[in-house]
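Chemist: Take a look at the letters that make up each chain.
2 protein chains.
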Amino acid sequence: MPNVERMGQTLIFRRSPVITAWASVAGKKEAEGPLGASFDLTAKQTKLGASTWERAESRLQALAMQRLLQKREIGKDEVDLVFSGDLLNQCIGSSFFLRNTGLPSLGLYGACSTMAEALLLSGAFVNAGYARRAAALTSSHFAASERQYRFPLGYGGQRTPTAQWTVTGAGAVLVEPQGEGPVIPMATVGTVRDKGIKDANNMGAAMAFAAYDTIRAHLRDTGRTVEDYDLIATGDLGKLGKAMVEALFRRDGVELGGRYQDCGVLIYDPNRQDTHCGGSGCGCSAVVLCADLLRRLRAGRIRRLLFCGTGALLSPVSVQQKRSVPAICHAVVIERQEAKA
Amino acid sequence: MPNVERMGQTLIFRRSPVITAWASVAGKKEAEGPLGASFDLTAKQTKLGASTWERAESRLQALAMQRLLQKREIGKDEVDLVFSGDLLNQCIGSSFFLRNTGLPSLGLYGACSTMAEALLLSGAFVNAGYARRAAALTSSHFAASERQYRFPLGYGGQRTPTAQWTVTGAGAVLVEPQGEGPVIPMATVGTVRDKGIKDANNMGAAMAFAAYDTIRAHLRDTGRTVEDYDLIATGDLGKLGKAMVEALFRRDGVELGGRYQDCGVLIYDPNRQDTHCGGSGCGCSAVVLCADLLRRLRAGRIRRLLFCGTGALLSPVSVQQKRSVPAICHAVVIERQEAKA
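Protein sequences appear in the order of chains C and Y. Using the working numbering, you'd call the opening residue of the first sequence number 144 and step up by one each time. Using the working numbering, you'd call the opening residue of the second sequence number 144 and step up by one each time.
It cannot be assumed that every hint is accurate.
Copies of the same chain look alike in the list, so a pair counts if it fits in one copy or across any two.
What the hints assert, rightly or not - Cross-link-like lysine-lysine pairs, in silico, DSS-like; alpha carbons within 30 Å at most:
| id | residue 1 | residue 2 |
| --- | --- | --- |
| 1 | K465 | K219 |
| 2 | K190 | K219 |
| 3 | K190 | K214 |
| 4 | K214 | K187 |
To be clear, the hints were calculated from the coordinates, so they are not data collected in a lab.
For reference, chain C alone in the conformation it holds in the complex (with noise of 0.2 Å):
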């Protein structure tokens, strides 16, 4: 580990902070899918009993770190910060379920690449001392997303190909300075990216050139090479934006492989489940991080992890403006504690 905090874009997090627990509150569709069974919760009904889909969504992100706490054994006063965020206008989402829980809060915006967002600055807050205890915390509604992003569900819109769905679903992560659990030793911040893709439904396409920057970034900082990754997860690029990261490092010359997935094309079927290019938001990334990922790192099936939160900066005023999709990704490196060596 080299004794700095930061080489190029790239933050080096010398006590390796340890991420102690974590859980995952998923949908019904969601539940259905392949890691069905490793969700900690999944919600029967889109309301969550709820009167509004966007009170559902500040449930799941209740529910989720709830059940963080319990895994952990504590009580949320001994929870110092919590970066949280989500994809509703002025983040309500997260607003909503914090409000008089009295725990501290720094409210993020990254679209769907919060949860790495949350986790870096999670890292780098317990890494330099600002918290012995922090929380990342995000989520995502698919019928409360689809009506402020898209058409009412009513209208029954036709999806195109390649549009992705957006999860049902919330992430909450733990991270301390100590303790037993993979650890995050740095993590490497993005830029945003806008290659002209003016495509709304096609944000795999815009959000690839972002993952693809980062990841690249991320390599020329620490002089590693993609072998020195078990894993390579990105956010929720979805089949088609997976397939352009693969084509743009082929034409460097690197073959990605099976050392690289998508977080989008991992959480549904595409032979069962109607969702075109994969699942996408906020929640995409958070659940399969908590449902999938951390575990395969407990279980030993990786040893090293680099998780890229990638997110498509538009808004709907933006897309009836006719601009084009801005896109960022952070890359969050997590290891098992004996990788350290």
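Fit chain Y to the given chain C structure using the hints.
Modeler: For chain Y alone, kept in the frame of chain C given last:
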């Protein structure tokens, strides 16, 4: 300075990162107000030559950042990290400015508290060595904000007496480990507070409780009193919210008096400018900080400032769903270098 990185909700920056430069850009109405002569740049046209108000808001950010770099005589590749956010849905004001600049960036959402949140994170990152130069950047635009949150401007809706006027402007602040300028020795992270206020045109009242909470937490954590500050400045409570904070402290036997001001009250002239309770928006505290408060520190008119960014975490959807207005406040201590002793 205590030998810890954290006390309660308060982060301690033992290396006291320095604010080495700052810049402000404001609109026409702001230029006509009491701080008119103090902005670095003022825009005559609401659209700044752009085709939409949303694009104009991104231009405000671009101008603020450009001016910041000019003042410090550095290029943008010498900035390691930008913390930014705005009020537009999905923070497109920030994303469309940042795209393809190559600036590593972390997106924030703290409603109108974003400048304080960005400054807190810039201080934390520079103090920990994660960045040699971090920039805090935020903006708001009256017309873009009005049509998003309230009514189309052409509709000519009447404003209620408690309404505030969204500031058109952007502020940018540069934080470095060393140099000339005021320092950031500590900052206090807020919690989301909701006292059940449902009037979206009375954001000052909703935010007043959050400001009171965070200032109290800050004083409790640090063992300081209000007399330790030459100035406590809230972000955009306006006339009514400011009076509420004064009343809440008075109930505790604390008379804030002349050492307490509000950026939303400072920015417009209540007699000449028809802005009801005063200014609001991400740009409000940002431009008042950069055009007024930091100048007062530099000139020695004040030695120690508690800058309290306040944010109303409502959305048009939460208002339509008849929900109350959660609010947050983050506080950043800014002081002259000799005041550290």
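Chemist: Of all the hints numbered above, which does this structure not satisfy? Sort the numbers upward.
Modeler: none
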